[in-house]
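Letter by letter, the chains look like this.
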Amino acid sequence: MTDIIMLALIIVCFALAMTYAAFCDQLLAPGTTRDATP
Amino acid sequence: MTITGWLQIGLFAAVIGLLTRPLGGYLTRVYADERTFLQPLLGPIEKELCSLARIDPSLEQSWYRYALSFLVFHAVGIIALYALLRLQSAFPLNPQDMSEVSPDLALNTAVSFVTNTSWQSYGGESTLSYLSQMAGITVQSFLSVAAGMTVAVAFIRGFARRRAATIGNFWVDLTRGTLYVLLPICVVVALFLVAEGVPQTLAGSAEVTTLEGTVQAIARGPVASQEVIKLLSGDGGGFFNANSAHPFENPTPLTNFVELVLIFVLGAALTNCFGRMVGSERQGWVLLGVMAILFGLGVGGVYVSESGGNPALATVSVAQAQTQQPSRAGGNMEGKEVRFGIAGSALFADVSTASSDGAVNAMHDSFLPLSGGILLANMMVDEVIIGAPGSGLFGMLLFCIVAVFLAGLMIGRTPEYVGKKIGTTEIKMTILALLAVPAATLGLTAIACIVEPGLAGLGNAGPHGYSEMLYAYTSAAATNGSAFAGLSTNSPFYNLTLALGMFVGRFLVIVPVLAVAGSLAAQPIIPRSNGTLPTDRALFVAFLLGVIVIVGGLTYLPALALGPIVEHFQILSGTLY
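Protein chains in written order, with my numbering: chain D, 10 to 47; chain E, 153 to 729.
In short, the hints are calculated from the structure, not lab data. Among the hints, erroneous ones may be present.
Covered stretches of chain E, as calculated for chain D (at least 3 residues, CB under 8 Å) [as the list claims (entries may be wrong)]:
#1 168-174
#2 199-208
#3 364-376
Selected chain E positions facing chain D (in silico; Cβ < 8 Å) [said to hold, decoys possible]:
#4 LEU239
#5 VAL339
#6 ARG434
#7 LYS580
#8 MET581
Ideal Cβ placement from N, Cα and C applies to all residues, glycine included.
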């Protein structure tokens with residue numbers, strides 16, 4: 010049982026990391042980049 | 153302090169400086185898929201491996217695909233290592249009949265080695281079978297650093313390419329780094345270590361009769377093959393609990409020196425690789441120069457502090473003056489090996505924490521508070537002082553982006569770095585990457601300070617106990633892996649929270665780093681103009697140093713003040729912990 014919980018933890022963490030990557034990809038979508046200076 | 157001590161430090165710096173350029177050139181050829189002298193030998197193996205894995209080397213990936221490949225590769229690695237540790241008692245190559253590793257420790261160890269951290273809540277010789285050490289720990293040491301180097305190379309390609317939609321192929325970079333860089337060095341140096349007395353055997357512990365007539369089991373195993381990659385990879389996870397302080401891992405001052413060189417050499421060479429790939433080696437030397445200054449300050453500080461001895465002992469007339477005689481080494485020799493002395497221990501501790509390696513040849517818990525503070529600070533600046541191969545370079549490049557951004561704000565111009573415009577997206581991603589480690593470090597330390605399972609692990613009271621906690625989470629989140637010792641971390645609370653710190657420190661940094669790489673690769677290269685801030689001059693070195701110190705200082709100074717700084721002043725007033 011503990012092993013299943015640990016494996017589920019690993020999978021959830023990586024699913025979150027992949028979602029994070031998708032979020033970053035959205036931020037990089039064309040049209041979202043502007044100059045950093047005022 | 154002694155002249156030989158300073159010479160040892162100077163010689164080490166000189167050797168790293170000499171190796172940087174040739175190895176940097178070699179790395180550039182490897183990752184540019186150019187012919188190297190090992191091509192005739194390893195080329196067919198590479199071809200076969202790509203064919204087996206159905207990888208088309210000519211097919212490149214966008215940053216997003218590259219990141220997904222990176223994440224999937226690590227997820228599979230963690231699950232495989234977890235399973236191996238949990239089932240080790242059922243597998244062969246277990247002469248000491250080690251039982252399976254507990255679930256929380258297995259998770260911590262799997263995350264630790266797959267993320268190139270090598271935090272060890274266990275003693276290797278009393279917990280792991282030879283199969284776990286070889287097929288689990290050692291294999292992941294190779295793969296985790298090869299993966300870290302791929303990220304650095306992808307980041308460099310972001311700067312070097314113009315209007316490109318791709319940043320390379322993760323699987324090809326991973327294969328080439330492992331095959332052409334890591335394996336050849338490891339084979340050669342492992343043979344050297346065996347010649348120096350490091351064991352390499354599958355036999356179980358040796359049973360010997362001591363002079364007192366009792367029988368003692370002396371642990372041994374396939375140490376040399378693990379030792380080399382442990383150091384070269386910036387991994388640092390030892391075969392033995394005592395790590396490089398153990399005479400079977402690091403038997404002589406010569407092996408100590410070679411191990412130090414191994415820790416730094418790839419990270420230093422990658423700065424040269426960066427310079428070459430962006431078309432200006434000076435850019436690489438600037439980065440190495442900044443790293444060298446920070447390293448010099450750190451190692452000098454630790455050496456001076458440890459040589460001076462413990463101020464609390466001065467009041468009871470203990471002779472602490474340093475001499476050349478091993479029997480009267482002087483200084484603060486607590487927790488240090490006589491065969492390495494103060495200089496060899498101070499140098500190793502500073503190199504290990506600056507580089508993300510985490511190997512130790514002395515007990516960091518026994519270092520004086522100011523030395524411990526320097527070791528903490530090395531890790532807190534995101535380990536950009538050489539760092540692990542790969543992560544040190546991209547960490548430093550993140551600070552370069554912040555530096556040119558701040559300079560752009562000061563003079564009112566669009567920030568540029570090596571011909572690439574730094575826009576809002578790059579800044580957002582950079583800040584996300586730079587904030588992940590402090591958020592994990594400080595947040596998890598704060599939680600450990602107030603909950604019962606966290607406090608239960610403490611071995612010391614007061615600021616020293618707090619430093620032990622802070623060190624553990626800093627080491628985990630910065631993917632260093634060294635331990636201050638004194639904190640009992642083999643408990644479900646510490647195993648799980650430290651694993652979380654390592655996860656955040658690896659993946660929540662690397663994902664935005666690859667995003668920046670993708671964003672930069674898509675841009676054209678802007679020609680240098682009168683308005684361009686020169687980033688290959690001494691002025692930029694000073695500016696970059698200031699940014700690193702201020703960003704690191706502002707983030708962590710309060711945390712350091714509560715630990716090593718207050719402990720230093722308490723020692724001066726005679727209070728020890």
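So, going through the hints one by one against the coordinates:
no. : hint    : verdict
1   : 168-174 : violated (count 0)
2   : 199-208 : violated (count 0)
3   : 364-376 : violated (count 0)
4   : LEU239  : 10 Å, violated
5   : VAL339  : 33 Å, violated
6   : ARG434  : 25 Å, violated
7   : LYS580  : 7 Å, holds
8   : MET581  : 6 Å, holds
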